[in-house]
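Number of protein chains: 4
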Amino acid sequence: MLRFALLGAGRIGRMHADNLARHTGAELACVYDVAEAAARQVADKHGARVADTVDAALSGDVDAVLIASSTDTHVDLIEAAAARGKAILCEKPIDLSIERVEACREKIAGTDVPVMVGFNRRFDPTHRAVRDAAAAGEIGTIEQVVISSRDPGPPPRAYLEVCGGLFRDMMIHDFDLARFVLGEEPVEVTALGSALFDANARDLGDIDSGMVLMRTESGKLAHVNCSRRAVYGYDQRLEIHGSEGMLRSGNRRATEMDRWSKSATACREPLLDFFIERYADAYVAEIDEFLAAVSEGRAPSVGFEDGRRALLLADAALESLKTGKTVRV
Amino acid sequence: MLRFALLGAGRIGRMHADNLARHTGAELACVYDVAEAAARQVADKHGARVADTVDAALSGDVDAVLIASSTDTHVDLIEAAAARGKAILCEKPIDLSIERVEACREKIAGTDVPVMVGFNRRFDPTHRAVRDAAAAGEIGTIEQVVISSRDPGPPPRAYLEVCGGLFRDMMIHDFDLARFVLGEEPVEVTALGSALFDANARDLGDIDSGMVLMRTESGKLAHVNCSRRAVYGYDQRLEIHGSEGMLRSGNRRATEMDRWSKSATACREPLLDFFIERYADAYVAEIDEFLAAVSEGRAPSVGFEDGRRALLLADAALESLKTGKTVRV
Amino acid sequence: MLRFALLGAGRIGRMHADNLARHTGAELACVYDVAEAAARQVADKHGARVADTVDAALSGDVDAVLIASSTDTHVDLIEAAAARGKAILCEKPIDLSIERVEACREKIAGTDVPVMVGFNRRFDPTHRAVRDAAAAGEIGTIEQVVISSRDPGPPPRAYLEVCGGLFRDMMIHDFDLARFVLGEEPVEVTALGSALFDANARDLGDIDSGMVLMRTESGKLAHVNCSRRAVYGYDQRLEIHGSEGMLRSGNRRATEMDRWSKSATACREPLLDFFIERYADAYVAEIDEFLAAVSEGRAPSVGFEDGRRALLLADAALESLKTGKTVRV
Amino acid sequence: MLRFALLGAGRIGRMHADNLARHTGAELACVYDVAEAAARQVADKHGARVADTVDAALSGDVDAVLIASSTDTHVDLIEAAAARGKAILCEKPIDLSIERVEACREKIAGTDVPVMVGFNRRFDPTHRAVRDAAAAGEIGTIEQVVISSRDPGPPPRAYLEVCGGLFRDMMIHDFDLARFVLGEEPVEVTALGSALFDANARDLGDIDSGMVLMRTESGKLAHVNCSRRAVYGYDQRLEIHGSEGMLRSGNRRATEMDRWSKSATACREPLLDFFIERYADAYVAEIDEFLAAVSEGRAPSVGFEDGRRALLLADAALESLKTGKTVRV
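Protein chains in written order, with this note's numbering: chain A, 1 to 329; chain B, 330 to 658; chain C, 659 to 987; chain D, 988 to 1316.
These are calculated hints, taken from the structure and not from any lab test.
Being a predicted model, the structure only gives us computed values, none of them experimental.
Hints may be right or wrong, so weigh each one.
In silico PhoX-like pairs for lysine-lysine, Cα to Cα no more than 20 Å straight-line [to be verified]: (1) 651/B - 983/C; (2) 654/B - 703/C; (3) 920/C - 654/B; (4) 325/A - 1094/D; (5) 1309/D - 325/A; (6) 322/A - 1094/D.
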């Protein structure tokens, strides 16, 4: 039984709290949030204590932290938790600044606490099955990867202001997913993007629509197409092409119903609205993996270095977008 | 080059005329129809002569007849053509009366002209691929067959008055298809039916919605569900279950487009409207088979006896509907 | 919080115990099974007490019973629970004998305990969505229903000996599903069946493959095709045809992956193996409904009478199979 | 009736000859090929005359030329035909050199013969339906386009040596398709590519796997992924994302069969092998459009300028690949 401190009691923190509470191998021991009322609500729901400081949250009775606070606090919390020897499960991204990420890496290098970054795609049953089949050689040598990543709608301006932009906020998942399925590091990145429909993105110098290409040292190619808007729902697809075939990961819907009428046939319902619904199973499996890694004394399958690598790719995409050059990572 | 007399220049006759005209192994030599203007129109289009009597149509310069006239004339025309030694391709059904069919069988028994009955389902590329895979043992021993057969809308009253009813007019195709894929004769038949939406069918004592079950001597089971109405188009499906799996034949659409919107996803267009469009390839393949059989001096793969057997099953279904008993064929 | 006694700690009982334990509105208070070790295992897992008799199980501290014991015990347990005023959730079927079912109905008529029969299909998200859309008029007037119901493989002989045969054991779910989606009672039933592959079924005079047709008073038609074997997994499909279109309920798989190779494309994985997996969500939703009904003081949406009606249809199918007649219910 | 000279009697020329011969509005008058035997074979099949020189082919009795010879001859043949006032239907690409293309443009500027370039994708029923729906505003404002373009296998070395490379030979179709569906000119192009599996491509400095991104002036984005190898068949897909939804163009197969077995379900057959089969309908529709344009005295819907624009994009992609820069067109 691993006892957790939950740091951050917003939307995603509450979801993690529910998963920890239901898990037979985990216990939600305490909750901390800068907004104490938020922390209290979650703590009360699950019979946990409220910590009024981070220090209090990291007290002796917890074994691990789940960091679900705002991105700019992640590095400090990782360092604090590592210093206390707590196992760390941190929501993505580690930070928006590669310098801060690398400084953090230095600081925690001496400790040997398990650190896991919450890249949920890796734990989605379908993405994972596709990747595992590819890794097992089912389609021979991997040659190309195509990822579709489309949010149902643009976020509020306040979120856009602090999120680090499309590449570091949204597509960072896809950079990680590409690395996960390619089994190699991309070394070249080129990108194009536009602010097509979201006035906030335009005002802030961000984009709402982006496309990226990547190439690994051995020549494998990967593409991500990304949009902050898809009226038909949260669209998350992956295809992997190899010398012996193709594997695809499609979207799951709430039901398997289809409709036939005078005007259209075989119609399915819209996709699940967003990540909490779509990756519900993934978030549970993520905690399974974290618990397994801690109990087996091994590194989690997706760690700090994966977080850093994905950020490097996001930064490279941004640089390519700004300079009009293919960037070498 | 086989020279054809086309007997009957209505909708389906015109379609056959086009196919004969395009076929490199066939020639449309003459056209006969009780309505001479109709015959003339088809003949003029394809540079054929108009015959003003059946006798004239069956003159020395034709090798074969394609019978596409009204059902009640089929038997007389088959007998006339057989007497003249012409190869015969006759639209289904042979006749609505099993007695007339059997009398015809007696009369033409002495001749050895090739006789083929136009059961188009057997020549549809998908139905045929499914049947061939099953016949080749791909799903082991066949156990069950499920056929869906739904017209886009009810026919005019005048047609209903002479067509012989749902089982003999429409479902006769499905009885043949069941025999084709089962590879065994059904020996038990039971049926239910209703006039649910077509006032003409109700007035005439016919049904517009029907379901049938069949069982072969060895115990294989088959089901047909049938309706005179499907607003989403002409629905023609088949599934075969065997000891090692299932094979399915689906509907073909005009394009492979799908549509995704706020309200529905992966929507395909409605099905092709009706048999001329849906079975276009089948009608061509049917003529291929007829020409091949004639040129190879063998019986066509679907002959007079198949026409008779399908009618027996249709009659059995009708008897079951009326008597409330499972009928032994 | 409703406190349950679980009566029967076999495979399906254990599954229900897990669901009750996880449910925020339910509590597993005690477990009874004729095999005390089985009861103890489940009770220990969830911190419940073991009852060594039915009487002990029905003591004051429980509000409801979940009956998951062998079919022949259901009626006695229902009567005992009703006499003690416990709300009742009973696995299907109520009993194999319509006489016993009707006698039970008499006995519990005076009590007003809520009684729910566990017809899981009604709670499957897709079947339910399809039925709800049809009931809401999305496809106009319902005309035909087609149900496919295929188990992954035949049960052991010992099970076959007591299960009441294909119609009462397996297809009873489909009779209920047909009633559920038709919104009318079938009044005519005809059936065909065979023992095609299961020597046990043949020895016992049972069938392993069956097909049924039904007709309601207003003329709606329904078909069920059923087999004890489908090598590709547990196949559970439904289609509803109406005056304005068709609605279909398809099978859910573990993932949304598809595979493309030299020999085949767009291949999906086999279906989930059996009911525990396929209807996992349905079993949870079933308990939701039971709890809601009890707390709202209303009858559950699927009750004793539904259990009786489904059995009447199963008996009618069996009679039709034996007599070769369409049976009026 | 338009009388054609066919210039080039190779594989694609023979296919066009068949289509012309079958077309009611066209006649194949003569055939020219540098290999006279090839010309003779096609001419004999269709009762056309053989021309032993280009001049002879362009004699008075022909109204139009269909240029299906090797790419390096296209420009000369276009100029010769234009000088004689013959309508021109030319296979893609116009030439591999943008300078030659532009010089040709100058030379034929004075003539007003209709010139059409054979970009078959535009005439594929599904691609066209998708584009037409998008152009009609069905998905609101177009935002992104994703094109998959994968050949079944690499071409022979001799072909690779003269084809101009992946971008100008193969992806040129996709550049045209992107322009067709975007309804705007791409102005920025970036590309990555690799020679992953084809030793000939590697030897020749070509690539066998390529990915491109494009951006229009208004900010719309397009992606093409391209490979010389797809073991499951010729893969040609398109998706268009807009403010109100997505439209997709999928692959058509020979049949609508699917297969279910112990190991996989809903399996479809491999895709059609290559362009002659996949775009069979498109090639016919292409001739329809050419005939319609000529008879209506209007420019064909896809002309010389479209050929030039597609080549400009291919050249830009190649430049981007070589320089590591996003190229402005």
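Going through the hints against the structure:
1. Of the pairs offered as hints, the one joining residue 651/B and residue 983/C holds, with about 12 Å between alpha carbons and a cut-off of 20 Å not exceeded.
2. At most 20 Å may separate the alpha-carbon atoms for a hinted pair to count; residue 654/B and residue 703/C exceed this at roughly 55 Å.
3. The suggested pairing of residue 920/C with residue 654/B is violated, with an alpha-carbon distance near 50 Å, which exceeds 20 Å.
4. Pair hint residue 325/A plus residue 1094/D does not hold up; C-alpha atoms about 37 Å apart against a cutoff of 20 Å.
5. Of the pairs offered as hints, the one joining residue 1309/D and residue 325/A holds, with about 12 Å between alpha carbons and a cut-off of 20 Å not exceeded.
6. Annotation: proposed proximity of residue 322/A to residue 1094/D is violated, straight-line Cα distance about 41 Å (limit 20 Å).
When the structure is compared with the earlier hints, violations turn up for hints 2, 3, 4 and 6 and for no others.
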